[in-house]
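2 protein chains.
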Amino acid sequence: MVQSYELFYWPGIQGRGEFVRLALEEAGEDYEDVARGPGGTDALMAALKEGPTPSFAPPFLRAEGMTIGQTAAILLYLGERHGLAPREPAGRLWTHQLQLTIADLVAEAHDTHHPVGSGLYYEDQKQEALRRAQDFTSARIPKFFDYFSRVLGEKDYLLGPELTYADLSLFQVLEGLAYAFPQATARALAQHPNLEALRRRVTARPRIAAYLRSPRRIPFNDDGIFRRYPELDS
Amino acid sequence: MVQSYELFYWPGIQGRGEFVRLALEEAGEDYEDVARGPGGTDALMAALKEGPTPSFAPPFLRAEGMTIGQTAAILLYLGERHGLAPREPAGRLWTHQLQLTIADLVAEAHDTHHPVGSGLYYEDQKQEALRRAQDFTSARIPKFFDYFSRVLGEKDYLLGPELTYADLSLFQVLEGLAYAFPQATARALAQHPNLEALRRRVTARPRIAAYLRSPRRIPFNDDGIFRRYPELDS
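Line order of the protein sequences matches chains A and B.
In terms of the UniProt record's numbering, the first sequence is numbered consecutively and its last residue is 234.
In terms of the UniProt record's numbering, the second sequence is numbered consecutively and its last residue is 234.
Everything labelled a hint here was simulated from the structure, so no lab data went into it.
The structure presented is a predicted model; accordingly, all values stated were derived computationally and were not measured.
Don't take each hint at face value.
The list treats identical chains as one, so a pair stands whether inside a single copy or across any two.
As the list claims (entries may be wrong) - Capping the alpha-carbon separation at 20 Å, the derived lysine to aspartate or glutamate pairs in DMTMM-like fashion look like this:
{"id": "1", "residue 1": "Lys49", "residue 2": "Glu80"}
{"id": "2", "residue 1": "Lys126", "residue 2": "Asp223"}
{"id": "3", "residue 1": "Lys143", "residue 2": "Glu154"}
{"id": "4", "residue 1": "Lys126", "residue 2": "Asp222"}
{"id": "5", "residue 1": "Lys126", "residue 2": "Glu108"}
Kindly produce the complete structure, drawing on both the sequences and the hints.
Shown next as structure tokens:
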């Protein structure tokens, strides 16, 4: 059977691929997670440089003869195609703006354990990581949570009664931060019960709940974006 | 006269606002750079939290009754409206994918002088900055330049004969890196003459050339994303 979507992302971690997986799962779409199959990493590395629209890095998605890279661009595409964003321009742009702000938070979360460079081991940048994580947990998490809490307000989802891909992504970041920085995240969520409610609301959606229980959901681990290094959580 | 566009960004630096300015200038559009006018910073701070689509941070653009934040989302909008991106979905997504990869490079360039936290002074993170900049100039600049050079190939612009907003943004990054890291950038550009040719091609476009000569173009300085700290260039 030929599946509609081929997702290319590093096997073994949720990483940025997870934001795409959540959108595909919520849409109820079948997809091949190519690099998790036999010979998958070789297929990923070959596909990375192929075709007229190569990606700088995974994830990228093959769909309708296109290859689309960059998480937020993939979600822009899937959101339009599967009703995971409003159709009118203003709502579509607002969803995308929120996604890009979530992407900024994700990049900052990553850099807590890699403040010097992604090509070096954590062990070789631990001192720098301690300082960066201190700033992240004390200043950045509260600032981002304040923002998203204000946007969410009393609504069910960021845009209103209907879920968008930005809600799925915010859910994923909250999960990741709660894994990596349990103390700092619990403290920040206690200030913003509406974000905790959004997290529970997404978790309870039937397709997401089924996905989270399935073997398709890779557990959080210390190779991904969100890593539980207790010394960085304060 | 009411202008079509109001741009909100920190006065005194090019920063991320510059990517929006370049698109507006190339489109020949009139715009008000609000925070550079009298009482501008107060107007910026007030506007940041107003309305149904508040931004986490500048830049944001008011247009057609919308307020759009996040540089790449603003360019997605302007690209469609002013012919600075293809109209068909595949080309529109590819332009956006390139823009998001440029945004990743911009964020990494920023973090060379702020590897610990954007809320701290450079002087308080100089040791960390030295290590991060070493990785950036030796590994990251070459990797990004390889990628964009491969995408550009023998074409005039990244997508072909027609300029898109991604070309304007790549031009701006090349200018910024050449300011901040003159040695490392010259070395990397020498490996990729097609990128240097793109830079000259954009510089020579009549509206861009006029803009660069005008007082609207803020000079690079050491408060922006691209800062010339000689100790970081190697």
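Check the structure against each numbered hint from earlier and tell me which ones fail, lowest number first. 1
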